[in-house]
Structures are given as C-alpha cells and as structure tokens.
Amino acid sequence: MYQHNRYQKGKPQQVAVVGAGVAGLSAALTLKKQGVGVVVFEKDESPGGHLQQWHALFPDREPAAGVLDLLKQEVSEQKISLRTQTEVAAVTPSGDKFRIETSQGEQNEFDAVLLATGFQLFDAARKEEYGYGIYQRVITSAGLEQRLGHGGTGLTVNGRPPHRVAFVHCVGSRDEKVGNHYCSKVCCVTGVKQAITIKEHFPQCEVLNFYMDLRMFGTGYEELYREAQEKWGVMFIRGRVSEASQMYDGTIQLKAEDTLMGRPVRATVDWLVLLVGMEPEKRAQLWARSLGLRTGQAGFFSSPEKFLHPSLTTVNGVFTAGACTGPASIPESVSQGRAAAISVLEFLAKKDEAGK
Amino acid sequence: MKPANDKWGFRAEGSEQINLDKADSSLYRRLLNREPGFAACLFCGSCRATCTSGNEGMNFRLAHLLLQRGETARLKSLTDPCLLCGKCTLVCPRNVNIRAVVYNLKIMLHEPF
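Respectively, the protein sequence lines represent chains Z and F.
So the first sequence is numbered by this note's numbering: it starts at 9 and just counts up by one.
So the second sequence is numbered by this note's numbering: it starts at 199 and just counts up by one.
None of these hints come from the bench; they were simulated from the model.
Check before you lean on any hint, since a few could be wrong.
Stated by the list, open to error - Capping the alpha-carbon separation at 30 Å, the derived lysine-lysine pairs in BS3-like fashion look like this: (1) F:Lys285 <-> Z:Lys207; (2) Z:Lys51 <-> Z:Lys135; (3) Z:Lys41 <-> Z:Lys51; (4) Z:Lys207 <-> Z:Lys193; (5) Z:Lys193 <-> Z:Lys105; (6) Z:Lys263 <-> F:Lys274; (7) Z:Lys314 <-> Z:Lys290; (8) Z:Lys135 <-> F:Lys274; (9) Z:Lys135 <-> Z:Lys41; (10) Z:Lys239 <-> F:Lys220; (11) Z:Lys290 <-> Z:Lys80; (12) Z:Lys314 <-> Z:Lys51; (13) Z:Lys290 <-> Z:Lys207; (14) F:Lys285 <-> Z:Lys263; (15) Z:Lys87 <-> Z:Lys105; (16) Z:Lys135 <-> Z:Lys87; (17) Z:Lys314 <-> F:Lys304; (18) Z:Lys239 <-> Z:Lys41; (19) F:Lys285 <-> F:Lys304; (20) Z:Lys314 <-> Z:Lys185; (21) Z:Lys239 <-> F:Lys205; (22) Z:Lys135 <-> F:Lys220.
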C-alpha cells in the first residue's frame, strides 16, 4: 500500500489536521498509521464534533456514543497529538510549508494542511414564523436528540406522554429566503429516524412529518421510511408549514397546505421539531478565503477536480474532507477523511522525492 | 331582492380547512387492521392512472388520503365504481394489495357501524 513515508528519504514530515470531528480524526488515523506526524487542532474541549451531541445514528439507530467511543479509543491507541480548545486563527504559506497560527498566538510549520472544519447547524431562530427560541415546545432536531435518551423523558408534558409531535423538514435548506438554496441531505432520514424513536417511546403518540420532498438516497433509508409508515403509522403530509403559534396551554398550533389534498390543514401538537440543515462553518471560511481557497456557491469548499480528486483545493498542499465540502453523513465523512489522507500521502511523497 | 349575505357579489362558503384535531380516523384504523400493508402507500397515483373505472370516478389515492384525514363522506362515491379487476395491485410500486383494501373498504362502508 502507501508506504512512502516508511521509506522516506528526507526529514520527517508533519501534517496539520484542522477539526477533530469524524472526518478529521479518520484522516489523522490513516496518516498516523502510514508513519506521518500529525497534529489535530480542535476548538472544542473534546474530540468527536457533532457526533458528541447525537443520541442514535440513521439508518440502524445505532447508539452514537458507541461509534464515538470506538473512534476515541483508536485515537488514543495511535497516540494522535490532539490539541483541543485550540482554534486555528490563520494558515499562511511559508516557503514550501504552511504556518499555522492558533488563537493562543502559537505558531508552527507543517508540510501539508488538511481542513476538516465541518458544518454548523442552521440557526432555527432565523425562520421566525416557526417561533424557535420564543415558544418553549418548538425545538430543533439536534435539541430532540438530547431529549431522546432515558426513554424519552425529555418529551413528557406535565408527566404524561405527548399526544402529537410534528416535524418540519427542510428548515434552513432549499430556502432562498435564508440564502440556502441547497439540500442538506441528511435531515430527511433524520426526521424519519426520530419519528420512529418517538413512536418507540410513546406508541400512542401521533407523529406527523411535513415535507416538500422526501429524499431517501442512502442504503437502508427508503426501507426506514417504509418502516415508519407501515410499522409505526407515522403520517407524512406533503406541504411546508407556514406558521406556528403557541396556544394558551403551551401546545403549538401549526398551519400548512396539504398539497396532495389541495386544501389547508391545521393541527395542534405538543412538540414541533424543526429539522435544521447544515451550513459551512463560518469562522473557518474566513481564514480559508484569505488562503485563496475556492468555495462553491453555498460556501462549502470545492475541489478543482471534484470527480477524481475531491479532497484537493485550489492551493497545492491544502486538502479538505467531511462536511466542510458539503452536507455529509458520518460514514461519508469517514470515507472522505480516509480518502483525503491518501491524497495527502501522495503529495508528501512527491515533496519528499523533490526535496532529497 | 338578493339575500343580505350576497350583497357583495360573493358569499363566505364553509371552510375547506382540514382540522386534524377534530379528525376521526377510526374507520382508517379499522381498515388498517384488516389490510395493514396499505400504510406503505406513497400516493404516487399509478393505481388511478391504470384503473379500469378511473373515468367513472374510482380514485383509490384520494380515498386513502380522505380516510387518513378522517373524512368519510366521499368514500362511497370514490370506491363504488371499482370492478375489483386488480390492475392497480399489479402496478403499485409499494406492492400494496389495493384490490383487497378496496374490497374491505366497500364491505365496511356497507356494514352498519
């Protein structure tokens, strides 16, 4: 396989990985196992990125904690140098190297940089008509994940199970009004997965999913959708919720067009869950732009050779992986991280060859 | 003379809004008990498109939607023209046994509640 660095002739090479989410960690592990020095920079206190906030993963509803633990275990076994609570402030080319400056003012030079800066969740308060941040029982899909543990006790209302829960798909995605024209891809199946988990916890609870299109593109997703309909009786209504308002008892009344019926529909729910989409990490974009990296229309990093070399950027020696290149699931981020590591190794081998 | 409520040239008709808080889906649930498979319906409309009695007003897609939303008034007229030929079952992408669903619905609509 790729053993360039085991037979490396020049000086030991160092790679900086920015972001310790699943993509960054997968890339760092692959690089380390091939004998390359790696430092992972992470602005949060702990590694794992958004995976840390998730309860279970689609489509198999596998506990997220188990996947995270396995990843962390491997990171510690491989003795990956992990710099948490360390934000990268600037990446500057310096000769044939890159200088990384952290928010603490520390500077180090690396032979290559791999950006795995991930995504940020859409701020649901920007869709004012849904009342997120104003009404207590309007929550996001990320907020729901936190309430799904412990048998769903976080969803009981005055000690009783919820009567009805509604999901709104495409919040902050496919919406020119918030400047996000693209599809965030993972929310559809997340909504179906979460609907099933609510039914598992509260079989008598009615669950409604308001959608524009349902995009069940991945392996096992369509089957999960069918299971939600057939086994759990989840009701899918095609139509975008136009507004939500809080009733005197704290329940939420929502209005939508039932587009298959061609008539308006109204329903009162105990919880309104907004399936928020993915946006590029804004802070990472700032210094990436100063580096001269190309971003696509939506602000995600894009490769000049997106079909055959998706991890490349417009700057030789800087690579990308994971959701900073566009909405991605966890397995996709892992694959992208590992693929990017191979591109980095190829780059380092050439550099080593040229420098000896 | 025109009635008072028509003096502006139009009159307020009853709301066509579907209110799920008041929907009675008991018939839907009883039918699901007999034929659970039809919950997988995607409302694609291929059943209606291929239907022998489609021109006579037979519409399983719409009947299913109405049932799910608890509206039973139009069900009889939407399923009466069915000849139980089963072409809909042959084309359904989710392999719903539509013929059996309609057959059971017809029985239930003619049964005393």
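Q. Does the alpha-carbon distance linking Z:Lys207 and Z:Lys193 stay inside the 30 Å limit?
A. Holds - the C-alpha atoms of Z:Lys193 and Z:Lys207 are around 23 Å apart, at most 30 Å.
Q | Hint consistency between Z:Lys135 and F:Lys274 [alpha-carbon to alpha-carbon, up to 30 Å] | A | violated (42 Å)
Q) Keeping to a limit of 30 Å between CA atoms, is the pair of Z:Lys290 and Z:Lys80 held or broken? A) holds (26 Å)
Q. Given the hint that Z:Lys239 pairs with F:Lys220, does the C-alpha gap stay at or below 30 Å?
A. The hint holds at about 24 Å.
Q: Given the hint that F:Lys285 pairs with F:Lys304, test it: the Cα-Cα distance must not exceed 30 Å.
A: Cα-Cα ~17 Å, so holds.
Q: Take a quick look at whether Z:Lys51 and Z:Lys135 sit within 30 Å of each other, Cα to Cα.
A: holds (28 Å)
Q: Verify the proposed pairing of Z:Lys314 with Z:Lys185, using a straight-line Cα cut of 30 Å.
A: holds (28 Å)
Q | Agreement of Z:Lys135 and F:Lys220 with the hint, judged by alpha carbon distance not exceeding 30 Å | A | Distance of about 28 Å is within 30 Å: holds.
Q: For the pair supplied as a hint, F:Lys285 and Z:Lys207, confirm whether the alpha-carbon distance does not exceed 30 Å.
A: violated (34 Å)
Q) For the pair supplied as a hint, Z:Lys290 and Z:Lys207, is the alpha-carbon distance within the 30 Å limit? A) This hinted pair is violated, its Cα atoms lying about 36 Å apart.
Q. Does the structure keep Z:Lys135 and Z:Lys41 at a Cα separation of 30 Å or less?
A. Answer violated: Z:Lys135 to Z:Lys41 is near 45 Å, above 30 Å.
Q: Decide if the proposed pair is consistent with the structure: Z:Lys314 and Z:Lys51, CA atoms, cutoff 30 Å inclusive.
A: holds (28 Å)
In summary, the structure is inconsistent with hints 1, 5, 8, 9, 13, 14, 16, 17, 18 and 21 from the numbered list given earlier, while agreeing with the others.
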